[in-house]
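Order-wise, the sequence lines are chains A and B.
For the first sequence, the residue numbers in my numbering are 525 to 824.
For the second sequence, the residue numbers in my numbering are 9 to 497.
Source of the hints: derived by calculation from the structure; they are not laboratory data.
In this text, a Cβ means the ideal position worked out from N, Cα and C, and glycines have one as well.
Among these hints, one or two may not hold up.
Below 30 Å or equal to it, Euclidean Cα-Cα: the simulated BS3-like pairs (lysine-lysine) are [claimed, not checked]:
{"no.": "1", "chain 1": "A", "residue 1": "K660", "chain 2": "B", "residue 2": "K408"}
{"no.": "2", "chain 1": "A", "residue 1": "K660", "chain 2": "A", "residue 2": "K748"}
{"no.": "3", "chain 1": "B", "residue 1": "K408", "chain 2": "B", "residue 2": "K464"}
{"no.": "4", "chain 1": "B", "residue 1": "K34", "chain 2": "A", "residue 2": "K654"}
{"no.": "5", "chain 1": "B", "residue 1": "K464", "chain 2": "B", "residue 2": "K428"}
{"no.": "6", "chain 1": "B", "residue 1": "K273", "chain 2": "A", "residue 2": "K534"}
{"no.": "7", "chain 1": "A", "residue 1": "K695", "chain 2": "A", "residue 2": "K789"}
{"no.": "8", "chain 1": "A", "residue 1": "K755", "chain 2": "A", "residue 2": "K789"}
{"no.": "9", "chain 1": "A", "residue 1": "K748", "chain 2": "A", "residue 2": "K821"}
Per the computed footprint, the stretches of chain A lying under chain B, defined by three or more beta-carbons under 8 Å from a beta-carbon of chain B, are [said to hold, decoys possible]:
{"no.": "10", "region": "625-632"}
{"no.": "11", "region": "718-727"}
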Amino acid sequence: MSQITLASLKGARKRYGKLTALDGFDLAVNRGELLALLGPNGAGKSTAISILLGLQAPDEGSAELFGHPPQDIEGRRRIGVMMQEVALPGVMRPRELLAQVASYYPTPYEVDAVIARLSLQDIANRPYGKLSGGQKRQVQFAMAICGRPELLFLDEPTVGLDVQAREVLWKVVRELLHEGCSIVLTTHYMEEAEALADRVAVMARGRLITTGSVEEIRAHVTRKHVSCVSKLAAHAVRSWPEVLQVEMERDRMQITTRNAEALLKRLLHEDPDLTDIEVKRAGLAEAFTELTSESAKEAA
Amino acid sequence: MNTAGHMPGSRLWSAYFGEMRFELIKSLRTPAFAVPTLFFPIMFYLLFGIFLGSMRGNSAMSQYTFATYGVFGAMGPGLFGFGVSLAIEREQGLLTLKQALPQPPGAYLLARAAMAMLFVGIISILLTLMAVFVGKVPLTFMQAIQLFAIDVFGALPFCAIGMFVGALVSGAASPAIVNLIFLPMAFLSGLWLPLQFMPQFLQDIAPAWPAYHLAQMALGTVGAPSAGTVAGHVAVLAAVTLGFFLLAMRRMHGSGFRLLGARPKRTLAIIASVGAGVLALALSGVFGGNPVTSENASAVTDSSDAAAGTPAPEPPAGVPAPAVAVIADFDAGSANAAFGVGWIPSGDDMRGGNSTATQRLVDGGADGSKGALEVSGTISDAIQYPFAGTMFFPQGPPMKGLMDISGKKTLSFQARGDGKHYMLMVISGLVVDAIPLMYDFEAAPEWREVKLELAKFANADFKRVRAIGVGTMGPVGPFRVQIDNVRLE
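The whole structure should be built from the sequences, with the hints applied where relevant.
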């Protein structure tokens, strides 16, 4: 089955004075996937998203949304948007805000259905200005999905949410994916990307560094973590060539290595009484850190 | 799904309509907006226009305040609705979100403009009801309809000015900036106090304010004295609206906001051609190229509005003033004048007051002349604008005959009295109760000359003078003043 691209950036460049925000950035969002766009602050994530939403035009390169330039309303009638730092009118009620946004779309969900889906019944008729920060984010999420979008842009959706509200949001995100909605997620929480993303795109300094599934991204990183209970001295192990780092957590030794097989052989050889061995691959967070710092070194 | 992203026409209309309703509800729930825009004009009119003294007997003043408070009401909603909201929503990300969402093109501007016009409509209706039923302002149904239209469409230039402010300044600064435009412009355009009571240079610069032009149209509609032509005022207001709108759009576009959608050129072209069309129609005289006042009020064409229209034939002027320079010297033992009817002591009992005046001839006139005329009496505050003094009617019958003194250059006389302030009053114009020219002077114990250069009083209709009077409107209490050697030359 060939992939259908819903939104794309091709060779996008954007400069703000001397600062290059995007430096030939390519990105394609495919139907049915949740793409997590990751990158350190200043990597160009916001610029990329705002070009895809039609809020800015690239200096060079092209952007498309459902085959239209993003400025065209036709493409935007098929997307939902949740932004950071938006002040909605405090005197209006969530139900009214939802009805207004829903009116922009050809075939939106019923407002009551969206309210029920996100369990917002208790706050639906309270002035928006009187809601807590987390409740406001929930209302903004509801506004993003109420138009029955085919493509949803979520910018840091769970900042300020408590655990319970985050679980509800994640659940709805998974349901929407299941229903065929595609999602572009920008987040600082690696666990959020790890929990939800089909595909991860890592960017730094205005470029795409790598893209792939969470597994693939993690595989980019050869490091592994070995933990065990041993009578060997930490400083001795630290001097072995295959060891990157050693830390003691109570009686457990935490070793970071690029060659787990060689390390394990030597550990078992030098301490036959070694117990409780655990080998773990690096998480997305580490992969991310390694990828972006490598890219920074290359640049320097 | 081939129809994805296609919006049926009915849904599009309901989106525009819903946006307007949303704006209206939001505005009504925002006291910082609703109170100054909705209640200030109504409250001010009630306090200053109606309750502050009885309006009985002075329909000129009651018409004036009614017309100008309507214009005051037309200013607020556009200035605040655009000036403050746009600045805040531009700054706080709401406008950005709306732009990312498929909000229909132009809906943001349309909803705010419609909301402003609706607010103004409500204000206009409430003011009209109060004027007719409480203030007893004489008003025909057609006048009320015309005034309503002037106020409602008059909201548009202030929407455009507000939009420009909202595009320019920060959200925090915007209420202050808007108030700095709103209140001084209302005052300087004569919305609170008739321009005649203001220093000459303020009268001279008044045509620079958009609200002045709207006020002159409103005044002309209710039959109060006004300046300029309807066409001239419409042209100025259309130009102001279009100019500020385009400036604001340019500024917003520069900040990356596309308020008219992805292809604004066509919409902008339509708006610009409608604006230019109104301007052209105004200039070609469709709105009546004749002076605002031609039908029922005194006309004084303001030279700054000369751009507009072909004037209709002017109503006939009064009888030309005789060539004699001295109107009265009170040396022959009578209070008669060289022509006309006069001088006659006048109180305000005919207008419902009880201020009184008596007059007598006294010996020892100015410059060693034989006699002078002394007027004395009492001012009481039974009505809002009391008056007592002596009146001269150049072309009898009193107040009905008209005299054309436009060929004369100065009106002068000698005066002395109790040290209080008095006024020379010239009642002129096509309607009897037009606001008179009032010139303040101090009656010192020794004789002094009071002299008016007629050319300086552009708002008086010297072609149609009904009466010339000397007297006082207060303070309450007794007064005494002598006049002599009244000259018109």
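Do the hints match the structure? See the list:
1. With a CA separation close to 72 Å, the supplied pair A:K660 and B:K408 exceeds the 30 Å bound.
2. Note on A:K660 and A:K748: the hinted pairing is violated, with a Cα-Cα distance of about 41 Å set against a maximum of 30 Å.
3. Using a Cα cut-off of 30 Å, the hinted pair B:K408 and B:K464 holds, with the two alpha carbons roughly 25 Å apart.
4. As the CA atoms of B:K34 and A:K654 are separated by approximately 15 Å, the hinted pair is consistent with the 30 Å bound.
5. For the proposed pair B:K464 and B:K428, the alpha carbon gap of about 24 Å is at most 30 Å, so the pair holds.
6. Distance hint between B:K273 and A:K534 is fulfilled; the C-alpha atoms sit about 27 Å from each other, no more than 30 Å.
7. Simply put, A:K695 and A:K789 have alpha-carbon atoms about 43 Å apart, too far for the 30 Å limit, and the pair is violated.
8. A distance of roughly 16 Å separates the Cα atoms of A:K755 and A:K789; the hinted pair therefore holds under the 30 Å criterion.
9. For a cut-off of 30 Å, the pair hint linking A:K748 to A:K821 stands: about 22 Å separates their Cα positions.
10. A stretch counts as covered by a chain when three or more of its residues have a beta carbon under 8 Å from one of that chain; for the region 625-632 of chain A and chain B the count is 5, and the coverage holds.
11. Check on the region 718-727 of chain A: 0 of its residues sit with their Cβ under 8 Å from a Cβ of chain B, so the three-residue criterion for coverage is violated.
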